[in-house]
Every structure is written in C-alpha cells, then in structure tokens.
Amino acid sequence: MKPSEVENEVTALAKYLQVKPCKCTVDKKSGVTQLKHNGQTVCGLASIATFLVQSSGQTSLYGGPCHLSQAQIQQWLEYRVAIVDRCLGERDVALVLKELNAFLQHRVYFVGSSLSLADLLLYFGLYATINQLTFQEKEKHIHLSRWFNNIQRQVNLDEFYPQLPFSLNHLYHGVSAH
Amino acid sequence: MKLFTDEGNQHTLKTLIASKLSGISVELSHVDSTEIVVPFLRRSVLPVLQTDDGNHLFSANAIVRYLLSQSGKDSDDIRVTSWLEWESTELQSVLSSHLPVLYGGGKADVQNLQPCLKKVEDTLSGTQFLVQDKLTAADICVFGALYPLYAINPSCFEKHSKLSSWFTKLSSDPAFDTSVTSITKGKGSSSLKASILAQPVVNPLPSRKSSSKQPEEPSAEEEVAEEFSFEEVRAAQETFQSGKKNAPKPQERHHPILPKKGRKNVLITSALPYVNNIPHLGNIVGCVLSADVFSRFCRLRNYNVLYICGTDEYGTATETKALEEGLTPQEICDKYFKLHDQVYRWFNIGFDFFGRTTTKKQTEIAQDIFWRLHKADHLLPETVEQLKCETCNRYLADRFVEGTCPLCNYDDARGDQCDKCGKLINATELKNPRCKVCNNTPVVKSSDHLFLNLPKLEAQLQNFLDESTAKGDWTSNAKLITSSWIRDGLKPRCITRDLQWGTPVPLEPYTSKVFYVWFDAPIGYPSITANYTSQWEKWWKNPDEVQLYNFMAKDNVPFHSVVFPCSLLGADDNWTLVNHLIATEYLNYEDSKFSKSRGIGVFGHHAAETGIPSDIWRFYLLYIRPESQDSSFNWSDFMLKNNSELLNNLGNFINRGLMFLEKNFGGVVQEMNLKPEDGQLLAAVNQELKQYVSLLEKVKIRDALRHILNISRFGNQHIQATKPWVLVKGSEKEKKSNDFPPACTCERHIPKLLSRKVNASSFVNRRRAGTVTSLCVNISCLLSVMLYPYLPDTSRIIQEQLNAPSDVNVLTGDFFCYLEAGHKIGVPKPLFAKIEQGQVDELKKRFSGTQKENDSSAPPKEPAKPSPPAQADPDPTASPEDIKRLTGEVTKQGDLVRKLKTEKAEKSTIDAEVKKLLALKKELALASGEKPEEGKKGKSKKEKKK
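Residue numbers (the numbering used here), protein chains in the order written: chain F, 1 to 178; chain L, 179 to 1124.
If you are wondering where the hints come from, they were derived from the structure by calculation, not from laboratory data.
Note that CB positions come from ideal geometry on N, CA and C, so glycine has one too.
Some hints could be false.
Stated by the list, open to error - Distance windows between CB atoms, simulated:
#1 Gln154(F) x Asn610(L): 46 to 54 Å
#2 Asn156(F) x Cys672(L): 40 to 48 Å
#3 Thr134(F) x Ser1026(L): 20 to 28 Å
#4 Asn233(L) x Asn131(F): 25 to 33 Å
#5 Asn131(F) x Gln1015(L): 22 to 30 Å
#6 Ile214(L) x Thr134(F): 22 to 30 Å
#7 Asn156(F) x Lys442(L): 49 to 57 Å
Stated by the list, open to error - Under the rule of at most 25 Å between Cα atoms (straight-line distance), these lysine-lysine pairs were calculated in the BS3-like manner:
#8 Lys198(L) x Lys285(L)
#9 Lys36(F) x Lys297(L)
#10 Lys657(L) x Lys98(F)
#11 Lys598(L) x Lys140(F)
#12 Lys140(F) x Lys771(L)
Can you build the whole structure from these sequences, using the hints too?
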C-alpha cells in the first residue's frame, strides 16, 4: 500500500473510533507501518488498528470479553495483512474474493453478529479492489457485495472512502458464481 | 475442540506448545497436506482449530492466543500483537519461499533471512523473551516459525548469540520439548518436509510501482519506441507514394438506400428513445451516438449502410402527459418528437431516417406478425387475475398494492416482494390487500390477455443465438445477459394490455386491447424503415444478404436478444435477425446518476446551451464510452481531455503543419523526398491506421479513437525532432538578397536556383523542411478522414482548410498520398478552443441539481433507457376519465392554493389546502403510472388551453 493510503486508513479508523489521530509513518525499506504514541511505537497495520481500538475503549469492536471472538478477529486481521494486502495479480485477487464471498454467504459480519475491527479492516483493505469491479463482478460476489454495502453505509466514512455504488437489481441473475 | 493438521506441520507445533502451556487439550485429527478443511477457503491451510460450536480458526497464531487466553495466560501487551503480525507477514514471506528450497534439496540464500534474524537478535539483547521478560505468544509463534531452520541445520543461528540461547532455552522447556517430539516423531527435519512443501506462500509486499491495475490510457509522452523493419518501411512508403491511383473512390449514396448484390449491406438500428423522455448524455452515447460512429465508418469503408432510428411513442406515459398538457397523445408525440429530432441534429447524428412508431405501417406490420404467430399457434390466451380498486376504478399494478405477506405475516409487504422476508410474491397472494392510493380493499378481477409462448420457441431461439453470437460481434455483456435470461428459464410473456394509446389487437375478443410495449416497440425498426422506403423488406426479410447491428444500453438486451427474435422466428417469414448486438454499460454523471427531476446532469438541449461545439461533446463522450464497465462524465476531465488531446495534441499538430506550409511555402505542397526517419513515421502511421480499422470493424469505438490520437502524437514528435522552422531560416545574407529561394523548391525550379549563388546547405535544408511539412499535411488529411466518424464537423473543416478532394473519404487501411506536390491548400485556422477552469466550474454548478428543474417529464431513472421495456408502465388500465377528473381536481386545488397564498391567508389554512393538493397530485401520478414523487413540480408549467 502506498503511504498515503495507509495514512488515509489509519485516520479514517481513528475518526470512526473517535480517538485522536496519530501520525503514522511507513518505513521505506521494509514497508512496515509505524505509529508513535506517547513514546510508544506500534508496528504493523493490524497492531496499530488493535491499539487504536483498545485506546478508544470500544471493546465490543474487539470481541468484548469473548476469547474466541478475539481470536477470530485476530485471524481476519492477519488475513488482511498477509493475504489481501499481498495479492500479486488478478488470480490472487480473484481467489480472495471467492473465499470471502463464500464465507459471507450466511453471515452479516465477519465475527459474531455485530461490527468488529475485522469488518473495518477488511472493508478498508478491499475498498480499492471493489472500486474497480464491474456491476457484473459485484453481482457474482453477491454476498461480499452485500456485506461491503452494509459496512460502508454503517460506518459512513465518506470523506475517506466515498460510497461505492451497488446495483440492487439482478441484471446477470443466473450467472453461476463458480 | 478438534485440531486438523497434516503430519510435521511447524505451525501446528505452535499450537501444541500453546495447548500444553495452557493446559487445554485438543484432539488431533490428521489429514492430508493438501486437504481443504475449512469450507469457504480455496487453499489448503493447516492447522485448523474447530471449536465445539463449529467455528473454525485457520490462523495458527490466532489459535495460539485463543488457547492461552482461555487459561488466562495471554498477554494484553500490544507488542505481542506486533510480533505475531510480523511473523505472519515479514517472516513468513521470507520463510515460505526459503524453506521449500532448503527442504527441497536446493541451495537457499541465507542472506535473505538475515534481516529477520537480526531483528529477533536485537530485541533479545535486552530481554530474556521477546516481550516483557515473560513467555508470550510472541515467543511461541516465532519459535515455531524458525524451528524448521534449526531442524535442518542446528548451527543456523550461531551468528546470533542471543537468538541462539533464546532458542535453546525454549527448546528445553518441557512444553516445547514434548510438542516438538509430537510433531517430528523423533525423525528430525525429514518429518517436516512434506508439510513445508505443501504450504501456501505468503507473498512479499507488492512493490509500489506495480501495485495498481494497468492504467486505462498509455502515458501521454510515450515515445515511438518501435522500430519498423526495412520491409515494413518500404511497403509503407510505396503505398504512400503510388497507392492513390488504385485507391477506391467513395461510393455515392442515393436515397432510398437498398441492399445491393455483391456489396456488404449493413443495417444499423439504435434503440428507439421513448418520446416522452428528454435524452441525456448517457442515453445519447449509449445508443444513437455509438451507432452514428459506426454508420459513418461503414460509409468510409464503402459498405452499403442504412442507419434507422426513431421515437417510440405508444404507452401510458404519453397518454398521461397528453391529459396533463391538455393535448391529444398524437399532439404530444409531435411536440416531443421535434425535441428529440432537434437534439440529435445538434449532435450531428447522421440517421438516414429518423421516424416514429405511431404510423399505419407500424399497425400493419405488428398485426401481420401477430396473425402469423396466432396461426402458428404461438399465442396462449390466459386469464390474468389482477387486483382492481373499484373506488379508484382501475387495475392496480404490483407496486400500488400493499398488504400482509402470506409467508411471514409482515404487515407492510409490497405487491411484488415482501420487504421483510424478501420473498417474491404475487399481488393477488397478499392477505388484506389495500390500494396504496385510497386504502380501500381491491377486488380480484380477471382480464383476458394473450401470451407469447417463449418456451415453445426456445429451441429455435437457441439455435439462432448459437450461430449469431459465434459469427457476429456481440459485446460480452450482451452475451452474458442473454444466457442468464435463458438459464433462468423462459416463461410465456404477456403481449397485450388494457390501454387505449397503442397498436390495436386485431383478434376477438381482445380488440379493445393494445399490444404491450416491448412486443410492439422493436417492430418499430422495420416499420420506420417501411416509412422510409416501400422496399423495406429487402432489408428486413433478407438475412442472407444483410448484416443487422443493434445498438443499445445493456438493460434493453433481453428484449432484443430473446423476445423480439422469438416474435420474428415464430412469425416465420424469413425475417432478418440481429447479427451483432452492441450493448453499452451505464454512463454516470459526476459519479452519481443522471436525474431529470433533481436537475442533475446534462439533458437534451443543455449541451447546445453551453456554447461548447457538438464535436467536442462527441469526442469526450466517445472517449469515455462505457464499454466494459460503467464510466462517469466528469467536467474536469472534459476540460482536461479537450485541452490536452484535442487542443494540444490533435489540433496543434494539424494547425502547425498547415500554418507552416502557408507561411513558408505559400500553402503549396512540396516534393517529398523521404528519409529513413520519415519512413519510420509512415510505417507507424500505417500500423495505427490498420489497428483503427480493425477495431472499428469490431465496434470497439473507444479504443479506435486512441489510434487517431497516437498518429497526431507521432506527427508532433516528428516535427519536434526535425525542427523545420530552423531548417528554413537560411543565412542572413540570403535573407537580404532578392534571390532567396522561391517558395517552391521542386525540380522545375532547381536550375533557376542553382544558377544563383545560393548556399547549398540551406537549399537542402529548405527542401527537407518542405518534405516534412508536406508529409505532415498529408497525415492531417488522413486524420480528417479517420475523424469523420467521431467529429464530422471538424473533419469537414479540416478538409476545407486542406482544400482536399472529396475522393479522400475512403478507408482502406492503407495510407495514400492524396495531396501531391503542387497542391494548394486553403486557409488554415485553429480547430479547437481551450476550455477554461472558470467555464467548467460554472457549468458543473449549473448541472449539479442545486437549482430546481422546472419542467417535469420522465421519472428519475438509470441512464440509457430509451427503448420502452425497462420503464414499462405499471398500471395497465388507468382509465382516461379518471385521469381527466383527477387532473381537473388538481388544477382546481392548485388555483385555490395559489389564491390563498396571494391573499396571505392563515398559514394553517394554506397548509391544509397544500396537503390536499399534494394528495391529489399523488393520486394523479399513480393513475398515470409515474412515481408519486414526480408530481411535486409538474404543475407550475401546465398548459391549460392552447
């Protein structure tokens, strides 16, 4: 991700959590994002995001008291940084879209039944890709689209992530999702 | 809890350690390395923890933390999170490619590992463990990740002393030790090999350069890097210099244009715009403009081409508008037809005939097809149960009925779909239905209608489609939409309606009904042709000799690819069926939708009012034509493309060439002695020209345009490189002398020149300048021809400035020299004007919907919906008397409100009357099949009496 994209994301997240945005930098050589706060340095985008959530006190976004939910959120954050952010080409992206679409078939949110950090970070991470999808492709990954549309409306971070259009009409209905 | 794993998996090692340390046991279940345990994943990721409630954790690091946290042993410290993130990204991206090489027996470069090992080493220089002097998940996971390195070479960490001792210490911990044994089964590194080789790779971070998708356009300053071979250059030169004499002449076109044997006969239609809707930019580029480009291109190719279009005029919306404006439907159609005609004329849409569907021919042909369908038994009579509101005295369409969902008991279900459970239902199935307008209970009434038996025709249709899509140029979205429609299963479709304004059904007992719009409207194509020439059947019943192109936006595809062909196949009369279906995606306006009611977007006459010439609009719309995906009209982009591509690239090239010729050579084309670099340019131009032709043959309009701009770009580069203005300078002395070389330096004048004491090199330079300039002038001539389909006015103007013969207007794919030495050009003038930021800011504001639009017409809908089906009226039998009555009441109420307002009556009184007025307007809107919100603005411009 370009430094400006990372900044955008962290600022957006901070705004959503209603915490003060802190300056984050991207190390040129390793590409690692760093956040400096009160003398403490936090490395890695997923860690920074976790840190911001913890600072904001909104534990419900991090699974509340449930350990399993927390683990699931960690897992999806890892998915975001290790897989989504590191897609090397069309095939990788297509695979990711397929997997997530399959996962979301019977789910509203990634973890549990409410919005969590996992949804947020995957929303940010997938934004660029979904922005480039045609309506046909969005319909092909209909569960992912439904989830994305839901999240974007719920978090309403228009100034950082302008709303993407989704068609509610089936124009390509019947085209198999295989 | 079950832990699925393959044998010898290093990540499982992490989880086993965690399990031991937390005291929580997991049941191991061994599977194959390639098995996909998690249902939604497409890769084999192991280990996977399955909890008792069926949830899956497929991240080993997350499993570790979960197990630890269950026993209260996890740490909150954010650094643990950072280490785990680092392990799963940085470390694994190195290891997942390093380890397979190492374990596969190859030579792995240990240098790659150094940064990672160093990081661990540096951290451990101050502490015993990675975080907080306490064993955490960080230690477990990094240990597990590094273990395979150690297993295959125990001395791999010797350069890092702290790392080494940390590793050794952990290994001796009983939890770690037993876990290792459990994984390796005492067999050392060989036990890990299979798992390592099967694991998915974590990619390194994509480098910034390649992170985005391919940009849509090539960079503006791309060099002509390609070198053309000697053969290519020679061929290009030869064609240029001597090809003209064998070049075909443009065919003359005389109306009526009819198919001719031995020629390529092309019939082009564009989706008929609904007469009542003022077209916007999206409608225009999607249909009539695209078809126009192709039609003009076909003319240049000397194909025998006919371009037909017209307004689609039947339907409820027209009936309603008529009552609203106090005119007859026919008068409405006449009025709005003129509007469409004017708009398209302004845009230079070169229809060979622009007609209407409300003609005798339409009735004739539609009824003829109908009878044939009837006789061949393709029509099914059916009684349709519809809900009729007796109070309002009309049949209610689905969306005007509300009630209780029969499936989930939700109170507020709509007539076609329940908002709560989302299931599709029929309005007649609703419990406790009520009319949306007056809230009374409608009754179920039966009405007889005729249905076209699509299933019966499916086999024939499929055969036709298989052949047509294979042989012809259908856009991919058209093919996809068609196949998904068919896959959904074809059902009989109703082709009649209880209405007045339409083509009457000739069969008893349906004679009081009319044909439903999407059966009737496509028949407009042949009927409009019939109004153009009595020999229309030579086009429409001649599939062997005619190639039919249908242009439309994607929402009209099913009607053109399924319904209409079925009608024609069923009629069995050797009808010409569509060979090439060209469908565009949607054009958005500044990233939102065009909306007439909200005043968002550029509609009809607006474009003309901006003062920007139609060619510029054509250019930009075609530049952003939504072919493979939606695109968006953007004012800033509009300005940018005009100023950069038209003005600085194309206009600049043509103008400077002509001006230079006029100023320095008296406007007379010079002898062209081509040098190798000129030959390269010629070869490049030829290549672009050929690509342009082959792209337009396949109707790839947007892509072909790029090649025109490429040619002018190469031309500009060539001029920059040869610098003719320097070449013509000559020495000071010669300038003063009267014997300075005459304007023309062709062979006839050489003796004259040589007899003077003229500096030889400046003479040669001048000739060189003459060659280059004349070559560019000829390229400009070629460009004027290539521009004709896109910018017809500009094309003509360029040819006037060139004084070019009309013979140039032919495209063969070869570049000929039409303007030979001695040819005198006309007067050059700049072709394009700059668009300023201020202009654009003002225009953008004007069309952004902040001002109220005064005339209401079409409901706010998606762009590009000219042909009727998508906006089919929902209300089959709004009786005209009702509408008339309601209209009267609305007028009366409106007058009352106005009176009260002028009299400055009590606010509460005014409000009450306004409320009544709005309710009446809503009723009227529903009756006329328009969206209720539409009624708001309509009344201010109502014409009561003519």
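Hint by hint, here is what the structure shows:
1. Gln154(F) x Asn610(L): 46 to 54 Å: Since the Cβ atoms of glutamine 154(F) and asparagine 610(L) sit about 34 Å apart, the hinted range of 46 to 54 Å is violated.
2. Asn156(F) x Cys672(L): 40 to 48 Å: Since asparagine 156(F) and cysteine 672(L) have Cβ atoms about 43 Å apart, the given range 40 to 48 Å holds.
3. Thr134(F) x Ser1026(L): 20 to 28 Å: Between threonine 134(F) and serine 1026(L), where Cβ atoms are some 26 Å apart, the hint holds.
4. Asn233(L) x Asn131(F): 25 to 33 Å: holds, 31 Å
5. Asn131(F) x Gln1015(L): 22 to 30 Å: holds, 27 Å
6. Ile214(L) x Thr134(F): 22 to 30 Å: Holds - the Cβ-Cβ distance for isoleucine 214(L) and threonine 134(F), about 29 Å, lies within 22 to 30 Å.
7. Asn156(F) x Lys442(L): 49 to 57 Å: holds, 56 Å
8. Lys198(L) x Lys285(L): violated, 36 Å
9. Lys36(F) x Lys297(L): Distance of about 19 Å is within 25 Å: holds.
10. Lys657(L) x Lys98(F): Holds. Lysine 657(L) to lysine 98(F) sits at ~23 Å (cutoff 25 Å).
11. Lys598(L) x Lys140(F): holds, 24 Å
12. Lys140(F) x Lys771(L): holds, 23 Å
Of the hints listed earlier, those the structure fails to meet are numbers 1, 8, in rising order.
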